[in-house]
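Chain A is fixed; fit chain B onto it per the hints.
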Amino acid sequence: MIVKDNKLQIRKFKNTLLFWTVCILSGLTAIPLLAILGEVFIKGWEQLGWSFITEATPNAYKAMQAMQAGETIPGGIANGIVGTFLMLFLAAIVAIPVGIFCGICLSEYRGNWFATIVSYLTDLLQGTPSIIIGIITYIWVVVPMKGYSAFAGSVALFIMMLPLIIRSTEETMKILPETLKEAGLALGGSYWRVMLQVMVPSAFGSIFTGILLAISRVVGETAPLMFTALGGAAISWNMARPMSAVPLLIWEFFNDPNLQSLIWGASLFLLTFVLCLNLLAKRIAKKWKI
Amino acid sequence: MQDKIFKALLIISAIIIPVIGVGIVFSLVNDASGAFEHFGFWNFIFSDEWVTTAGKEKYGALPFITGTLLTTLLALLMCIPFSLPVALFTGEYFKGKKVATILSTVVDLLAGIPSIIYGLWGFYALRHVFMHLNLSPQGSGILTAAFVLAIMIVPYAASLSAEFIKMVPSDLKEGAYAMGATRAEVIRRVVFPMAGSGIFSAYILAIGRALGETMTVTMLIGNTNQMPETLRTTGNTMASIIANQFGEADGLKLSSLIAIGLLLFLITAIINMIGKILIRRAQHV
Chain A
1 MIVKDNKLQI RKFKNTLLFW TVCILSGLTA IPLLAILGEV FIKGWEQLGW SFITEATPNA
61 YKAMQAMQAG ETIPGGIANG IVGTFLMLFL AAIVAIPVGI FCGICLSEYR GNWFATIVSY
121 LTDLLQGTPS IIIGIITYIW VVVPMKGYSA FAGSVALFIM MLPLIIRSTE ETMKILPETL
181 KEAGLALGGS YWRVMLQVMV PSAFGSIFTG ILLAISRVVG ETAPLMFTAL GGAAISWNMA
241 RPMSAVPLLI WEFFNDPNLQ SLIWGASLFL LTFVLCLNLL AKRIAKKWKI
Chain B
291 MQDKIFKALL IISAIIIPVI GVGIVFSLVN DASGAFEHFG FWNFIFSDEW VTTAGKEKYG
351 ALPFITGTLL TTLLALLMCI PFSLPVALFT GEYFKGKKVA TILSTVVDLL AGIPSIIYGL
411 WGFYALRHVF MHLNLSPQGS GILTAAFVLA IMIVPYAASL SAEFIKMVPS DLKEGAYAMG
471 ATRAEVIRRV VFPMAGSGIF SAYILAIGRA LGETMTVTML IGNTNQMPET LRTTGNTMAS
531 IIANQFGEAD GLKLSSLIAI GLLLFLITAI INMIGKILIR RAQHV
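Each protein sequence line maps, in turn, to chains A and B.
Residues in the first sequence are numbered from 1 upward in steps of one, following my numbering.
Residues in the second sequence are numbered from 291 upward in steps of one, following my numbering.
Each hint should be verified, as a subset may be incorrect.
[Claimed, not checked] Below, computed lysine-lysine pairings styled on BS3-like, alpha-carbon distance capped at 27 angstroms:
| no. | chain 1 | residue 1 | chain 2 | residue 2 |
| --- | --- | --- | --- | --- |
| 1 | A | Lys286 | A | Lys181 |
| 2 | B | Lys456 | A | Lys287 |
| 3 | B | Lys385 | A | Lys14 |
Just so you know, the hints here were simulated from the structure itself, not pulled from any lab data.
All figures in this text were calculated on a predicted structure; none of them were measured in a lab.
Looking at chain A on its own, in the form it has when it is part of the complex (with noise of 0.2 angstroms):
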């Protein structure tokens, strides 16, 4: 009898151990979440000013000069803004369309040979890492034009988002009740009409969130501009033309001694914006759920 209680005893003992491995190892996971945040956001809060968000960078001497006299660099990064923003913009026009359209098809005709495929190679193209993807575009866009250019950025930023705007809205449309088109159809809309003013708003909520989800995952992106839109000191609105991006200045940041202290405003501003983007991705989810 003694004996068994020892057994049960030492039962409740490992149970309870694992109960708090558990939960001390997940609450560690939230530290380097802190620790990044806190030392963004510490080291970039006062380089983040009107004139960080619409100077544009200046060049190494003018730094130099500034920081030898012990001045603050003098500049910022409009040019990566506006970078930024116009390769996600025409990238996220095309790709939006063509995603939604290739999801609907995997999602119509689940079970054919040919979707199986495109379904598979939807997911090796996500998985494939984005520096091929800057590779592949320096090939297709930059060798023929025989220049790096935005347009080229443009293109690699494409072909990262379209697997994730494809799978949400896939799985999204298979998860609406086939009612829903026999019911539109049965009222004598027509295939398209069905689609495209029943099925594709009744998703809404959730594709939005794909979108959303794709554009933060992609603005982040180095490593598929550094060959293709390589990057340019001046602000720039010509797409043939190289362009700066946020993270491609917080590269040439990093590799230049003399612009270093830039470094924490410009990564303050992509973290804040790439962590908006995902917190309101979740919210509209939540709020928009199936």
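Then chain B, alone, in the frame of chain A:
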């Protein structure tokens, strides 16, 4: 008529994906063939020389393949003790509770941080810690890169594992409780055997993430082109050598870098396919 146009549009937009997929393989093979022809396919993979001096150029991928495999494996080992508890926390212990929602938000945000910011954090904060602890002489190197990689893949492994842990039918668990099992025993004897294949596939996909991660590793690994001797030394991965040298490369070097890119693409594609197939199988159980 309009329906036909609409259906054609659907198919056309779906064709883009195979076109991109086949195009990637074709372009990479096409541009990498120069390096493979010059050095020989197996020679290129198993050579550890990287000499960029004009006239005596010699390129081999072995140091970078080793670097990639080492960092990924280390990152995986370091990620398990954190991602598994997070999965249990959100999927079993506090399933559906507010704390679980908070933790999964934290983990989601961790997944959202751009890799260049992980790199900055590793370089300016973590590197000094590693130097203090005497883990590596300059603070950067394989170990540092793998540590930050581990943090980056925790979200992927954890959230996917949690999905599978949540799917374990509760009547099975209740049966075990009714037999007098403790929660720890239920997790070990019911949850893990049921969710095991799904959890396994989650880690395969996490490996796929870690293999191709570029910016963080480039900023932290130290970028030296020799075979890494210990975990404390610096090195380079397949992604980081491309990030470092692609910009100013041409001719044979460019072709060699693209060849490394092709190898990286194939490795990640195989790993991801295995992961996806396992996941689809686990979901149908």
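Right, here's what the structure says about each hint:
no. : hint                : in the structure
1   : A:Lys286 - A:Lys181 : holds (24 angstroms)
2   : B:Lys456 - A:Lys287 : holds (22 angstroms)
3   : B:Lys385 - A:Lys14  : holds (21 angstroms)
No hint from the list above goes unmet by this structure.
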